[in-house]
Amino acid sequence: MMLEVKHLMKSYGKRQIVKDVSFTINKGESFGLLGPNGAGKSTLISTICGLISYDQGEVYVNNQSIKKFPLVIKQKIGIVPQEIALYPTMSAKDNLMFWGKMYGLKGAKASKRVNEVLEFVDLKDRAKDRIETFSGGMKRRINIGAALMHEPEILIMDEPTVGIDPQSRNHILETVKKLNESGKTIIYTSHYMEEVEYLCDRIGIIDNGEVIALGTQKELCNRLAGGSVVHLDVENKTEQGIDSINEIKNVKHIVSKQNETKLEIYVNEAHETMGEIVTTAVNHGIKVLAVEVQEPNLESLFLQLTGRTLRD
Amino acid sequence: MIRKIATVAMFELKRIFKKPQSYIIMFGMPLLFTLIFGSLLSGGEQVKPTITIVNNDNSTLANNYIDEIQAKDVMKLNFTDEDRAASDLSDHKITGYILIEKGFEKHLLNEEKLNIMFKHSPEYNGAVMIKQVLHNSLQKIMISTKASTVYSSLTGDSWEGINTKISNELKTSSGLKTEMITKNSEMAGMQNMSARSAGFTIMFVMMAMLSSTGVILEAKQTGVWYRLMATPTSRLELLLGYLLGFFLIGWVQFGILMAVSTIIFNITWGNIVANIILISALLICTIGISLFIAGFVKTSEQQAVFGNLVIISTCMLAGVYWPLEIVPNFMQEVARFVPQFWALEGLMELMVRGGSIIDIVEPIGILLAFAIVFLGVGITRVRFD
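Line by line, the protein sequences give chains A and B.
In terms of the numbering used here, the first sequence opens at residue 2 and continues consecutively.
In terms of the numbering used here, the second sequence opens at residue 835 and continues consecutively.
Extracted from the complex, chain B is given alone in its bound form (with noise of 0.2 Å):
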């Protein structure tokens, strides 16, 4: 029984090998669309919005407050009159001004209502990143301020110098450090390219898969199949053997293009024990869409344009293509009823926290239950005869 499993097997495998074609579409795409994409989304250094600052008060608290801007180090900082810089942003020269209002110190210390104002292009779409940092700063301003005058009629020292000694406090290291652990900053913790890399393999492998057991409506067609049923071979070790040898092409491919991947974009794969589970659930379910694709169409050929459509339009819906954080929230829910999803969420698991065979009990657990409902649809869907 196991020589003619393997036999179909090693032959299916033999034969995938032996196309030219294969070897793009199992490895150069994938590669391909990694770099392409990665490249994009990575977006090289990012691109600063230039700011002027109009600082009408030129006072000491009014300097603070722009070396806090400036240490926040998420725009390019420029200096000039008010007049320059509306010419300046009617001219686009700059994304827009910041307006520090004369009386800015006095209004401070008095605890008074602060007008500090930034304009900006209408297309600008920035602008709430700026508010925010704008804000943030002069909260962290105010504090200081607040501390320092209180210390000053406490002990009688010039507020000025207590400020100063506070905002240079500041700046040296607390050596408290924060992190924040949401799923927002795991996906920007993560790099693009290793996203891209993971989401780009499992798509190819699922294609990959697709044109593997599109071989058995193939063989229908050309009666090859016909003539495997003509040989002393049980169906079940038929089909154990297509079976195994779709697993081992998906493995070849994942493998070469998890080594590959390494080497060439430097990505980090994680637990190699947890990516086999992983990946082995990952290729079971395929199998599974690909023979259950395969048990509702005539030809291979069908089963290629259905299959691909579905494989592309589930990849993008998953975040095979983007970070879903950049879709609405309602596709984010969606996302979750794809093998897809799950497939990365447990990938970026082992690639980006490092996390073990446990952390993914999640993802393989529903990757098996997408593998069970499928294959067993799938496989009742081939007929023999």
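Only chain A is shown next, with the shape it has when bound in the complex (with noise of 0.2 Å):
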């Protein structure tokens, strides 16, 4: 077991942050932690890493308790903060040589180190120029490489696509993807489904401080009761209509927000039931002008866990 979470309970004053949390990774797994903003995925991850210290429970690392060995966990660590968490008027060599030695590498095997991440995150020829002067994709690239420098058993990457494009977003995916199937543990935390589905084997969904779902992304959809969402586009929508449309066997929850003319309805059999759904519909005067069905998915079943989206 390369990592392991016991009871992990952190709190600032009266505010618990994080609450009764466990989990376990192993060696070579990608490991996702889902949940939306101040959902205490950072206060988590800061805590994994030593950075704050905890008020009960205990993380171990290899066997080793944080508590006790911070500096050795750490060494076996490397951790890309969600900021860019970098020099902006020194160069991307230097910054890397920087953080290099700051877990030990020193002389040609440093310099080595930073011609190898220097080619890994793609950015050779930009080696000698500024961090100010790159795009933010690859600033983001960068504060990647400087958490690979010395090699790190685990790598932990907090939001590492926060407010870049989808051709950089897909660059990092791209890059961690590889980073996981070299044999790197990964810890993946993300308030975005898609990425997290895309690169994790497990998945840990975090509200409020707590770990309300863990398990693999097909463990976690089989949970789902109403698992499907069946989108309707209508006009004229009426409360009795969608009082009948809530009373179709195998519907389970609608959502339907004041003056938009959108109708979400989370049902089992969503294939089957579909034709009734529409039905009733145009029975009570509302008139559907498109239908959409969504497989059960992480948003979903946060959503039936939570009652909130992600991105609420």
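There may be inaccurate statements among the hints.
As the list claims (entries may be wrong) - Below 35 Å or equal to it, Euclidean Cα-Cα: the simulated DSBU-like pairs (lysine-lysine) are:
id: 1; chain 1: B; residue 1: K910; chain 2: B; residue 2: K882
id: 2; chain 1: A; residue 1: K7; chain 2: A; residue 2: K94
id: 3; chain 1: A; residue 1: K107; chain 2: B; residue 2: K974
id: 4; chain 1: B; residue 1: K853; chain 2: A; residue 2: K77
Claimed, not checked - Here are a few chain B residues that face chain A, going by a calculated C-beta distance under 8 Å:
id: 5; residue: K838
id: 6; residue: F845
id: 7; residue: F851
id: 8; residue: K853
id: 9; residue: S971
id: 10; residue: K974
id: 11; residue: V1058
id: 12; residue: A1064
id: 13; residue: T1065
id: 14; residue: P1066
Don't read these hints as lab results, they were simulated from the structure.
Since this is a predicted model, take the numbers as computed values, not measurements.
Note that CB positions come from ideal geometry on N, CA and C, so glycine has one too.
Each chain sits in its own coordinate frame; assemble them with the hints.
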């Protein structure tokens, strides 16, 4: 077992940020922590890395307690913070060299590693340029590179794609995939469901400091009752019509926002029930303009568990 | 441990000199300020007041008196009658006039009360100095006159001849040199350029230190601190690394400014070893003050605004911009409570009076005491989480 988190608790004053969190991560596994902003992901990550002390519980890396061996464990972890934690007026090479040295690299080995990392993040041609001249995506790539300098056993990435364009985002996702395929253990936090779905073998869904669901993507989706979502584009939406749809067998929940022409209907067996839903709507004077079925995913699971969407 | 400390220190040193604006703040500004304030307060050639002498007595002693005044070389003298002098004064052509009334010599020989009048425009603020010169010169003439009359009564020689001999004797060098050893004379003796150079070097080193220590706050804002804390580096290593970095930055700046000011302004800094110890104490104290300020603000911007305000005002108080002798006495006393005063005091001792380490024990001790207080509080205020 690479990482073990046992009944971890952390409070700031009276506010409990991490509530009795427990999970394990195996060597070479890619583990996703999915949750909305403010769910406690970053605090949990900081606690695991030994950056924040915790009130109760324990964190073990390779069976060593972070409390007892903080420096030994820090050497095994590479962290990619949410912010671009680099020196903007220094070159990419200078930055990587500095972070390498902070992890104990020196001399020719450090220089060699700088070149390898620059090649890996595909920025070798910009090695001597100042970070402040880089695009958002490039900065993010160097931000990841800095965490790879000392070849850590565990790579912890805290929302590494925040605020970048889709192309750069894809590049980063591919980089993370490649790292995991090469055997590195990855902990990836995000509030983007699709990223976690794409990258991670196992996922922990976190909300209000609690892990509310844990398992593989398939295991989590199987937990969904009313897992599919039928999206209806409608006109002349009526309360009576919505109530009637809600009474149909297999319909679990309806989201209807005021002044919107859309209905989100959470159902089991979506394809079998769809016809009845449309007929009921039409019979109550609701004009159906379009129908779309969304298969069960983590978003719907989160919604079912918390009553909110991940981006709320 | 040493390797990590050195890595942080050297990286900070490299980082500061990668920024072009660092060169302007660290070297350009202090040299420019030294040049401007040094030249302003040195004032080039001194402007002497133009004073007219109205000599209504025109006697030997009156002429001797005028010679004596002239010998002081503090005013430009010309001669005319009273009406013309009064008219010139009202037309602001002259600063004032000295009236030697008829009977000056007679009154002097009879040891009677003398009337010498100095008339000047109300806005002239050097009148006290002129009156002092007139008084001192008169005292001298009175003494020589008394001496010559006494000698004349004993020997029967003419008093005028004896008086002329005494006057000539006084004019030729007596071989006796006097020097006032007071605080004021020390300040006056020190070239103003040296004082300004030392002062502005102190001020801009403090500003550079402030900006350097701001990197801790900046690191917290950008997430670099978070990443640093995630490395296998102890808090002590990190703190010592930063402190060493700030100290080296301060020394590079001070060293270069000392060298350049020596070449450009011909300034002598004095005993090297004593300078190294004094400046090191000042730098530690400055780092302490900057960390202290950093401990009470949240962003590097707040630290820069608040810190610069503190530095500039305390530098004014300490006599960095102008000699302390021109400010009221209570302000001179208040100045003793700011570190810059002691740094300047120490540097003056070395630069002007050629002092050694023994002579600057007090300034060094006080600077280190300031350092202990500020550094102590500053370090405890650095939040690592």
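Here is how each hint holds up against the structure:
no.	hint	verdict
1	B:K910 - B:K882	holds (6 Å)
2	A:K7 - A:K94	violated (39 Å)
3	A:K107 - B:K974	violated (81 Å)
4	B:K853 - A:K77	holds (34 Å)
5	K838	holds (7 Å)
6	F845	holds (5 Å)
7	F851	violated (10 Å)
8	K853	holds (6 Å)
9	S971	violated (67 Å)
10	K974	violated (69 Å)
11	V1058	holds (5 Å)
12	A1064	holds (5 Å)
13	T1065	holds (4 Å)
14	P1066	holds (4 Å)
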